[in-house]
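Asker: Listed in order, the protein sequences are those of chains D and U.
Under the working numbering, residue 496 is the last one in the first sequence; the count climbs by one each step, no gaps.
Under the working numbering, residue 359 is the last one in the second sequence; the count climbs by one each step, no gaps.
Source of the hints: derived by calculation from the structure; they are not laboratory data.
This structure is a prediction, so every number in the text was calculated from the model and none was measured.
Be aware that one or more of the hints could be misleading.
What the hints assert, rightly or not - The calculated lysine-lysine pairs, modelled on DSS-like cross-linking and capped at a C-alpha distance of 27 angstroms, are: (1) Lys26/D - Lys46/D; (2) Lys460/D - Lys45/U; (3) Lys235/D - Lys158/D; (4) Lys303/D - Lys46/D; (5) Lys3/U - Lys460/D; (6) Lys3/U - Lys303/D; (7) Lys199/D - Lys251/D; (8) Lys158/D - Lys303/D; (9) Lys17/D - Lys46/D.
As the list claims (entries may be wrong) - Some chain D residues flagged as far from chain U (calculated, every beta-carbon gap over 12 angstroms): (10) Arg60; (11) Gly146; (12) Ile201; (13) Arg206; (14) Lys303; (15) Gly315; (16) Leu331; (17) Arg357; (18) Asp400; (19) Asp443; (20) Glu481; (21) Glu486.
What the hints assert, rightly or not - Not everything, but these chain U residues come out facing chain D in the computed CB check (under 8 angstroms): (22) Lys3; (23) Gln4; (24) Glu37; (25) Gly65; (26) Gly88; (27) Pro178; (28) Ile206; (29) Ala264; (30) Asp337.
Yeah, the Cβ is synthetic: ideal placement off N, Cα and C, and Gly gets one too.
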Amino acid sequence: MSSEVVQEYAVAQGRAKSFYTRYERKDELQRQTHYCPGCGHGVVHKMLARAIDELGVQDRTILVGPVGCSVFTYYYFDVGNIQAAHGRAPAVATAMKRSRPESIVISYQGDGDLSAIGTAEILHAANRGENISVIFVNNAIYSMTGGQAAPTTLIGQKSTTTPEGRRAATEGYPLHVSELLATLEAPVYIERVALGDNKQIAQATRAIRRAVENQARGLGFSLVEVLSPCPTIWKMNPVEAQHWVRDVMEKTFPLGVFRDHTREAAPRPAPPPAPALDEIPRLLGVAEQDLPANHGRALARDKQIDLQVRIAGFGGQGVLLIGEVLAEAGLDAGLEVSWLPSYGPEMRSGTSNCHVRLSSQPVDSPLVAVPSVLVAMNEPSLRKFDLTVRRGGWVIYNGDAFPADCMREGVHVLALPFTRLADELGDPRVSNMVMLGALLEIDGVLPQASVDAALRRLVKNPRWIALDERALARGRELFKESLRQEGAEAMGGGMK
Amino acid sequence: MRKQLMKGNEAIVKSAILAGCRGFYGYPITPASEIAEAAALYMPKAGGVFVQAESEVAAINMLYGAASAGVRAMTASSGPGISLMQEGISYMAGAELPCVIADITRGGPGLGNIGSEQGDYHQVVKGGGHGNYRTIVLAPYSVQEMADLTALAFELADRYRNPVFVLADGFVGQMMEPVEFPQRAIEAPMPPWAVAGTTATRGNLITSLHMDCDDLEAHVLALQAKYKLAEQHEARAEQWCAEDAEIVLVGYGIVGRILKAVTAEARAGGLPVGVLRPITLFPFPIAHFQRLASRARVFVVVEMSNGQLLDDVRLALNGVRPVEFLSRVGGNVPSHDEVLQFVRKQALRFIGEERMAHV
Chain D
1 MSSEVVQEYA VAQGRAKSFY TRYERKDELQ RQTHYCPGCG HGVVHKMLAR
51 AIDELGVQDR TILVGPVGCS VFTYYYFDVG NIQAAHGRAP AVATAMKRSR
101 PESIVISYQG DGDLSAIGTA EILHAANRGE NISVIFVNNA IYSMTGGQAA
151 PTTLIGQKST TTPEGRRAAT EGYPLHVSEL LATLEAPVYI ERVALGDNKQ
201 IAQATRAIRR AVENQARGLG FSLVEVLSPC PTIWKMNPVE AQHWVRDVME
251 KTFPLGVFRD HTREAAPRPA PPPAPALDEI PRLLGVAEQD LPANHGRALA
301 RDKQIDLQVR IAGFGGQGVL LIGEVLAEAG LDAGLEVSWL PSYGPEMRSG
351 TSNCHVRLSS QPVDSPLVAV PSVLVAMNEP SLRKFDLTVR RGGWVIYNGD
401 AFPADCMREG VHVLALPFTR LADELGDPRV SNMVMLGALL EIDGVLPQAS
451 VDAALRRLVK NPRWIALDER ALARGRELFK ESLRQEGAEA MGGGMK
Chain U
1 MRKQLMKGNE AIVKSAILAG CRGFYGYPIT PASEIAEAAA LYMPKAGGVF
51 VQAESEVAAI NMLYGAASAG VRAMTASSGP GISLMQEGIS YMAGAELPCV
101 IADITRGGPG LGNIGSEQGD YHQVVKGGGH GNYRTIVLAP YSVQEMADLT
151 ALAFELADRY RNPVFVLADG FVGQMMEPVE FPQRAIEAPM PPWAVAGTTA
201 TRGNLITSLH MDCDDLEAHV LALQAKYKLA EQHEARAEQW CAEDAEIVLV
251 GYGIVGRILK AVTAEARAGG LPVGVLRPIT LFPFPIAHFQ RLASRARVFV
301 VVEMSNGQLL DDVRLALNGV RPVEFLSRVG GNVPSHDEVL QFVRKQALRF
351 IGEERMAHV
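Full structure from sequences and hints, please.
Answerer: Here it is as structure tokens:
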């Protein structure tokens, strides 16, 4: 161990193992980087490569490169490399890490990338506490595109888009990313360091190593902001630029640790082991052996069935539920079925309706334009769909009296105060089931066993099942009673 | 085989997991939200990852990350969210990353409404992002197809290393029908190009950047060759009563269902009508159109958008037959009667009153 340390110390200025010996992904000059003399990226790259070496994670490391001068991180780092869209590296890194929890995922970003276009992605990755390491190189300018202002540009600093210098009144103030992210609860470690002199560089080296180490220990989100020189765009020589980092930049962006929970943070629990492949159909609830046997054989095969139902009412009246019960019961009875809701925003007192088809033939269109039965739970729903009901069809209406102007030649009507009748059963909310009971009695195609099975599949609370069953039975009775009355009143039957 | 009643949106998720999908990254939007909800429930149970992203922009970039890591992954959204994803889709096509995107369409432009529309055709089929790329697009019209085509989407995404869309309208996403699933789950093999944080994959690079003009041209040409291959092998369509049809109705998604019902009634009345329903929108089933054109007198395109599918039908027929067009937008659906009346009108025009009198 000790001899290794001595050996490493001896070659401290040499090439890190996590760098390629020759940059073969570059077109030319494969022994040198594309960075300008005095640029901070080369230094930060070296710190990162050494951290990867020292922690022994080269094979496990995935480096997510940004858009900006460091877009070519993959020229240099001999690790798994991904190049991400501008600002999106933290989102990319999130899914990489979650997909491969054993990997070490490092997002390397500049200040245009991270603090402007990628503000949302970095904020939310930090807030989710993703177990990734972010190296944020801040040089207060967009360098690759030629020196436009960044959110981090200093007050008074000239750029091609702030030719007179940045003014707070029009461009706002330099964005303090480390301080901002330190207001979040989830991050484990946030530090701002600089490349302004050797002492600062030594501290930056330690910080970057810590950010990677935290991830290897499974602690959570770490970010190191590095104040870094850009002599070319700042129009300074490398020495002046380094001094400017220390003497000017640092005044706007004070160095220091803004968050350090590395001591108290517990390693994140590993995700539970994945289930065996043959468990999956069962976990999804699609395993054939778990699906209920249907009662299809109870159905008379010789009868051609084509029940087309429209159910409409206010949201909360159980419009969609009785449609589902009907469709489930149809499926159980061996019929072809479809259920189609008119979906809407989840708003109170909105209207709701659904289309249900039960057929002995494959259902062509699930849209019921001309229903054979309309269940209208209130007057607006009746008025909306009344004219669509086919001749010989039925309208089941919830109301004391059927509006005279909605009467149509050749359409049967069952109009009853279903809400009140349901209330007599114990709860006005089962008025939908009373109406469904009446509907079931009209056609008589569905075996009771199928209706019972459907109800049990869709309603989980036993108290409600009992109530719903009473309501369905009451609906059937009411329909039969009305037929008897009609018969007594007029020999012509129930047609109005 | 026992079937169960299920929403199209839920069927997508179950089918995806059976097909080896182990990552869902998404953002809620009506009428696609049930997909994210089902994924939140089932993906962790299956050993997969579910993340509700901060935006569709983040969601598609998470997909970029998951796909780069060699995991079958998907997202789901609707028009406005798909607009936001276009940047990432272009990057994924450029970096040749497979993924599946379900677009359960709603009304547009802008906030539009949440009704069922087909106005995303252009942005999905033609590619709404920048650059010379295509996405493969599958268009289910039933809950069973939501399941089946989602499984196919993962297969095609891997085969072509390309984003694949499942493009369904709100109705197909929201409706419930009986559906059956394969009883065996697939384990997707780890692709050799992935970057998975392992010794074996350390040398791999995922990027869409090609600085040199010749390099980028070669890359783009290779992509085009890949799309050509997809055009030769993957075009799918359903023909229904179409072989002897003189009037061929064309529509996808929920419209395909309406066209079948209309055709049944028109045929019962003696009209020589049939349906050609594209199942793949890219590649577009051009050969099906050309074959039916030899007998058909007219093609009638019905869509819930402003002539977006119409363009592709015209290109496929290349002027050899007239193309008529019926459209409803805004969340409205062409009604059975509306389509039937339109078809009768075309029959009078293109088959002739004299012959019509005999049918």
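Asker: Does proline 178/U meet its interface restraint, that is, does its C-beta lie within less than 8 angstroms of any C-beta in chain D?
Answerer: 5 angstroms, holds
Asker: Have a go at the alanine 264/U hint: is there a Cβ in chain D nearer than 8 angstroms to its own Cβ?
Answerer: Cβ of alanine 264/U sits 6 angstroms from chain D, so the hint holds.
Asker: Per the stated criterion, does the least C-beta distance between arginine 357/D and chain U lie above 12 angstroms, as a non-interface residue requires?
Answerer: 10 angstroms, violated
Asker: Is the hint on glutamate 37/U kept, meaning its closest Cβ partner in chain D is under 8 angstroms away?
Answerer: Cβ of glutamate 37/U sits 13 angstroms from chain D, so the hint is violated.
Asker: Can you confirm whether the C-alpha distance between lysine 3/U and lysine 303/D stays at or below 27 angstroms?
Answerer: 22 angstroms, holds
Asker: Run the C-beta distances from glutamate 481/D to all of chain U and say if the shortest one exceeds 12 angstroms.
Answerer: Glutamate 481/D is indeed farther than 12 angstroms from all Cβ atoms of chain U, at 32 angstroms.
Asker: Starting from lysine 199/D, check that the Cα of lysine 251/D is at most 27 angstroms away, please.
Answerer: Judged against 27 angstroms, a Cα distance of about 17 angstroms means the pair holds.
Asker: Is the hinted pair lysine 3/U and lysine 460/D satisfied, with a Cα-Cα distance of at most 27 angstroms?
Answerer: 21 angstroms, holds
Asker: Glycine 146/D clear of chain U by more than 12 angstroms, beta carbon to beta carbon?
Answerer: 17 angstroms, holds
Asker: Does the closest beta carbon of chain D sit nearer than 8 angstroms to the beta carbon of glutamine 4/U?
Answerer: 6 angstroms, holds
Asker: Under the criterion that the straight-line Cα-Cα distance not exceed 27 angstroms, is the pair lysine 158/D, lysine 303/D satisfied?
Answerer: Given pair lysine 158/D, lysine 303/D is violated - Cα atoms ~85 angstroms apart, limit 27 angstroms.
Asker: Taking the minimum C-beta separation from leucine 331/D to chain U, is that value above 12 angstroms?
Answerer: 5 angstroms, violated
Hint compliance for this structure: hints 4, 8, 10, 16, 17, 24 are broken, all remaining hints hold.
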